[in-house]
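Residue numbers (numbering that gives the first Met the number 0), protein chains in the order written: chain X, 0 to 315; chain S, 0 to 307.
Keep in mind that the hints were calculated from the coordinates and are not lab data.
These numbers were taken from a predicted model, which means no experiment stands behind them.
For every residue, glycine included, the Cβ atom is placed at its ideal position computed from N, Cα and C.
Careful, some of the hints might be misleading.
Quick list of simulated restraints, FRET-style, between CB atoms [what the hints assert, rightly or not]:
{"hint": "1", "chain 1": "X", "residue 1": "Gln242", "chain 2": "S", "residue 2": "Asp96", "range": "16 to 26 Å"}
{"hint": "2", "chain 1": "X", "residue 1": "Glu196", "chain 2": "S", "residue 2": "Leu176", "range": "37 to 47 Å"}
{"hint": "3", "chain 1": "S", "residue 1": "Thr179", "chain 2": "X", "residue 2": "Glu305", "range": "46 to 56 Å"}
{"hint": "4", "chain 1": "S", "residue 1": "Thr88", "chain 2": "X", "residue 2": "Gly80", "range": "47 to 57 Å"}
{"hint": "5", "chain 1": "S", "residue 1": "Leu176", "chain 2": "X", "residue 2": "Glu305", "range": "46 to 56 Å"}
{"hint": "6", "chain 1": "X", "residue 1": "Arg199", "chain 2": "S", "residue 2": "Ala165", "range": "51 to 61 Å"}
{"hint": "7", "chain 1": "S", "residue 1": "Thr179", "chain 2": "X", "residue 2": "Glu196", "range": "31 to 41 Å"}
{"hint": "8", "chain 1": "S", "residue 1": "Ala257", "chain 2": "X", "residue 2": "Ile134", "range": "40 to 50 Å"}
Listing some non-contacts, in silico: residues in chain X with all C-beta distances to chain S over 12 Å [as the list claims (entries may be wrong)]:
{"hint": "9", "residue": "Leu11"}
{"hint": "10", "residue": "Asn23"}
{"hint": "11", "residue": "Val142"}
{"hint": "12", "residue": "Trp166"}
{"hint": "13", "residue": "Leu174"}
{"hint": "14", "residue": "Phe184"}
{"hint": "15", "residue": "Glu195"}
{"hint": "16", "residue": "Ala207"}
{"hint": "17", "residue": "Ile286"}
{"hint": "18", "residue": "Asp313"}
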Amino acid sequence: MRGKSWGAVVALHLGLVAVLFALNFVLPVYHQGVLARVMVLAVYAIGYNIAFGYTGLLSLGHAMFFAAGLYGAGLMGLHFGMAAVPAWAFGTGAGALLALVVGALALRTAGVSFMIVTLMFAQAVYLTILYFGDITHGDDGFVVPSVSRTLAGIDLSQQHPRYLVGWALFSAALLFSLWLVRAPFGRVLVAIRENEERARLLGYDTGARKLGALVISGTISAASGAAYGLLFGYVGASFAGVQYSIFALLWVLLGGAGTVLGPFVGTLFMFYLIDLATEVTDAYMLIAGVVLVGLTLFAPQGIVGEVRRRLWRDLP
Amino acid sequence: MEFGPYLLLACLEGAVLAAVLALMASGLSLVFGVMRVVNVAHGEFYMLGAVMAWVVTSVLGGGAVINFVAALILAPLIVGALAVLADVTILKRLNYDPERTIVATIGLLYIIQQLALMGYGPEARPVEPPFNTRIALPWVEWGEGGISLYFPWGLSTTSYKLFVIAAAVVLLAALRLFMTRSRAGLIMRATQLDGEMATAFGIPVERVYALVFGAGAALAALAGVLIVPIQQAHYLMGGDALLLSFIVVIIGGLGSLAGTVVAAVLIGMSDGIISVFFTPTLAKIIATLLVALVLVFRPQGLFGVRER
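Isolated chain S, as found in the complex (with noise of 0.2 Å):
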């Protein structure tokens, strides 16, 4: 394949990973934004929901679309009211203090890996897609006869890894609104802004933070439904993917969650793009020295601007 086409190819793998990365960030962004609370275990939601995807299609055995419909509606769901009661009977009685939870979100995170390692099994397993053609893309090329379009080979996507493109810019493009226009979006924001002032508005600032957690995790649920039919399902899938998470957030400002996508977008892509050129270790060794080099000299994100 000519480098062209080869660029086109790893632009719209990179797309893919950027979306997913764009859903599940923004849950831990959306976290750290009102709650102030880093959760490492964020990357053990993200497994929980590809896992949750395997067990609801294999009990429900129904077609691929009904099941992958079901565990796109459910396994969200499941996820958040976990993490929903994991914040009431945790984190709520740590008062949110910064340190204590990363403490306590890391034994979560093991918690969580070493039940699913229990119940699941250190298999990785599959999800068949409710919908799988292969699309041909074409690419132009200057022939005798002027602009000509053709088909080279083995330039081609899926027609679900469009539509995993597709479903994460809606959800994004609905939880903005959601921030934004709501009633239950603008409680957030209050309560982002000022927790004591929420409170003294009559906010039930606790019952915001438990609902915040529970969306948050739910959003990191939603990129795993979306991601295992392309990856299988395993136990410890949510390390790298916190690492990204944690990566995308952090340049993209913590807390923001415009920043939070157009870092999403630009990782996703560089990751596609860079690991043609070097070795994906290599491009993890750069990703991981410039998260911690941006947070020394720039904390508020390179696209964030300094609080107050």
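If we strip away everything but chain X, and leave its shape as in the complex, we get (with noise of 0.2 Å):
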């Protein structure tokens, strides 16, 4: 795989890289906050994808880590004021905290129990962000201080830094999904995903590495969620509640499970359907309804993957 077709692989997601930095200079305002959004939302669905598209993890709770790193983030800003980078920085190691205790208990269970487990705790985080309304200002939220929203003194609230520094993390996130992908640990995911049972048989410690991912996952979404709370000024409830996990999933089936790409093409779709459909009627949430019917029975594989099969045999 190494050679000609490595070096386009590798041309294409640097190519993203360049076109998203270019749009921050020509698209219309609306737009740029959409795309910074999608760019910050895309790395929890990136770091979904490391659980569920390479490792065959399929959580149902990733709100708590993504909520995690917003809270951890926000908390600390709104209590003690703290800068934007350590701030960050907290609610990013909070998340990897709680996802080594989750995946070291969750982990023991597979399959369905795993996905009602993950639920489950998800759902306990959830209630523990409402039970301590007093801390965390419970279904209200809280608005970020501007204190931790400046970076060497550059307002991240504008949206010009607000979209560079999205754009900063999401390529960050991209190059190292596809950095990990085709590392050696990477690989054994894959493995684990297709046959546990034969990967284990090789002499790969499938527990240690099954930790690994899911530690990894975890922090890759709260370090979305903590730049999510610091750039967009907003921590509240909702997003640690079940329909943040359940569009984690969303996003990566519809842009391709097992894809570099896929999250972010999934969230990018899901995010524009969805704003359309808030213009009609406030059942928005149908069409993720109907998305994800469809493609479980039509398009198991998503956008990406479907061009993988297609087009482009050799995506990672």
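Take the two lone chains, each set in its own frame, and fit them into one complex as the hints suggest.
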């Protein structure tokens, strides 16, 4: 796979990064704002994809990692006036720790039980946020103070800095996942997804590697959540709800599970689809339901997965 | 009110919850037991049952009793038919693959819920109970002349709530008889034990699956109809109900009907009693964590036996 086609793959991904950078200077304000949001949320989807797409761990509770980052960063800003970078790092670290604890417990189960256990843990995190309403402001949420939203004197709530920070995070996550899936560690993850028994028979400690994958996945999701809170300034319990776990699944399935570009493509499509739907009806989640059923029935590979199947077999 | 009567009241409310929960969860358990499908849309069938009860009542416009009886028959039939349709068009085509069916039923959950929002609206609407006499309950007291009965203020229930408990007991007993004594029940149990072997013996497994999925949804709808005179019908009511039924089914052991009923009584009663001492949110946190830990450390459920 190395050689010419690998060069084309790298060129494709770097090309996307370059195009997204250039778009900052040409997009109208509204779409620039949407794309900034999509890029930050695509990081969440990239994190989810490492667990679900590459390792085959179908979690229904990733919103807890996103929320750990979101609240970790937001609460540090709200209560201690922490600066942007340490607040972001704290949120990301909180997500990593949560992923380690949840992974150590939940990975004792597999398949359907794993889905329900992650769902229940995420629900417990969501309810905990509501329970400590004095600190977290519960359902209403809170606005992150501006002291945590400045980086080297630049106001991150301004549209250009916000877009560029979102772009930088997205580019880092995208290139990291491109590197990861070709690294030996990533290859073993795919082997576990395809046939865990065989991977174990070949001498790999599949338990440790699944835990590693879940921690990486949770950490990236938390990094996205922390950045989301700091860049867009609002932290609320709805981000920890079941719906946000389902969103990650939906974006990755739509874009293509187990593809590097899939999470971004899925997030972009779904975001604009729901954006259009909200103009027509309150029942915009209907779209999410129809897309989920349609995907499982007709295109389990997702968009990029179909491209890989039909046009570009070497696409990672 | 003193503690004793208060506890009795909490137990009665808990028993009503347990009754409804047992019906709903046995539907979930039946579907999982026979088809090995975790139906995430189960809560929405419950919601549809409640909404259909309201629809039937307002379309019919007869007396409260006639309306309610009609709702009790029609709503489960309609919801069951919808579920059969969903099984044939979606789940069957996924070959009942466990993970893909969960994703599909999540999609189904949003489709049903959002269609209810569009058709029925965001309001909560009540349905009149067929009968609703207030029944004061006595409490014993050690007086000067030995034991005497008196009626503490506030210690009462309604005839309708007692009816819900009785109806659930009768329905669950009927379900158990149906599963153990009837030919259809035998076929379902055979399919549950070994689908391939059942096919080899000429059992139309796909038709059994469709009917089981429909019957599971009908049980949820029945629970929805029974609860709607006490709680109002609302398009988001399925979420909490789903979570509680999951808890019940997992604690009781996935796929075991008897365990499900025991767990429903346990969860329903303790929910009433725990809520007296803790806030509902804390009670829910404890319950969800408990379920997660049960699945991690005792996947066969608290009352189940390890398979094979």
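Hint-by-hint comparison with the structure:
1. The hinted window of 16 to 26 Å between Gln242(X) and Asp96(S) holds, with their beta carbons roughly 24 Å apart.
2. Taking the beta carbon of each, Glu196(X) and Leu176(S) are about 42 Å apart, inside 37 to 47 Å as hinted.
3. Restraint check, Thr179(S) to Glu305(X): a C-beta distance of roughly 48 Å satisfies the suggested window 46 to 56 Å.
4. In this structure, Thr88(S) and Gly80(X) meet the distance hint of 47 to 57 Å, their C-beta atoms being roughly 55 Å apart.
5. For Leu176(S) and Glu305(X), the Cβ-Cβ distance of about 50 Å falls inside the hinted range of 46 to 56 Å, so the restraint holds.
6. Range check, Arg199(X) to Ala165(S): Cβ separation about 54 Å, and the 51 to 61 Å hint holds.
7. Checked against the given bound of 31 to 41 Å, the beta carbons of Thr179(S) and Glu196(X), roughly 37 Å apart, stay inside it.
8. A C-beta distance of roughly 43 Å is found between Ala257(S) and Ile134(X), which places it inside the suggested range of 40 to 50 Å.
9. Under the 12 Å C-beta cut-off, the non-interface status given to Leu11(X) relative to chain S holds; the minimum distance is some 28 Å.
10. Listed as a non-interface residue, Asn23(X) keeps its Cβ farther than 12 Å from every Cβ of chain S; the least gap is roughly 34 Å.
11. Separation of Val142(X) from chain S is adequate, the least Cβ-Cβ distance of about 24 Å exceeding the 12 Å criterion.
12. For Trp166(X), the condition that its CB be more than 12 Å from all CB atoms of chain S holds, with the nearest at approximately 31 Å.
13. The Cβ of Leu174(X) sits about 29 Å from the closest Cβ of chain S, beyond the 12 Å cut-off, so the non-interface label holds.
14. Even its closest Cβ contact with chain S, about 24 Å, leaves Phe184(X) beyond 12 Å, as expected for a residue assigned away from the interface.
15. Every C-beta of chain S lies more than 12 Å from that of Glu195(X), the closest at about 14 Å, which supports listing it as non-interface.
16. Interface exclusion of Ala207(X) from chain S stands, the closest Cβ pair being 18 Å apart, more than 12 Å.
17. For Ile286(X), the condition that its CB be more than 12 Å from all CB atoms of chain S is violated, with the nearest at approximately 9 Å.
18. Remark: the non-interface label on Asp313(X) is consistent with the geometry, its nearest Cβ contact in chain S lying 26 Å away (cut-off 12 Å).
Checked against the numbered hints given earlier, this structure breaks only hint 17.
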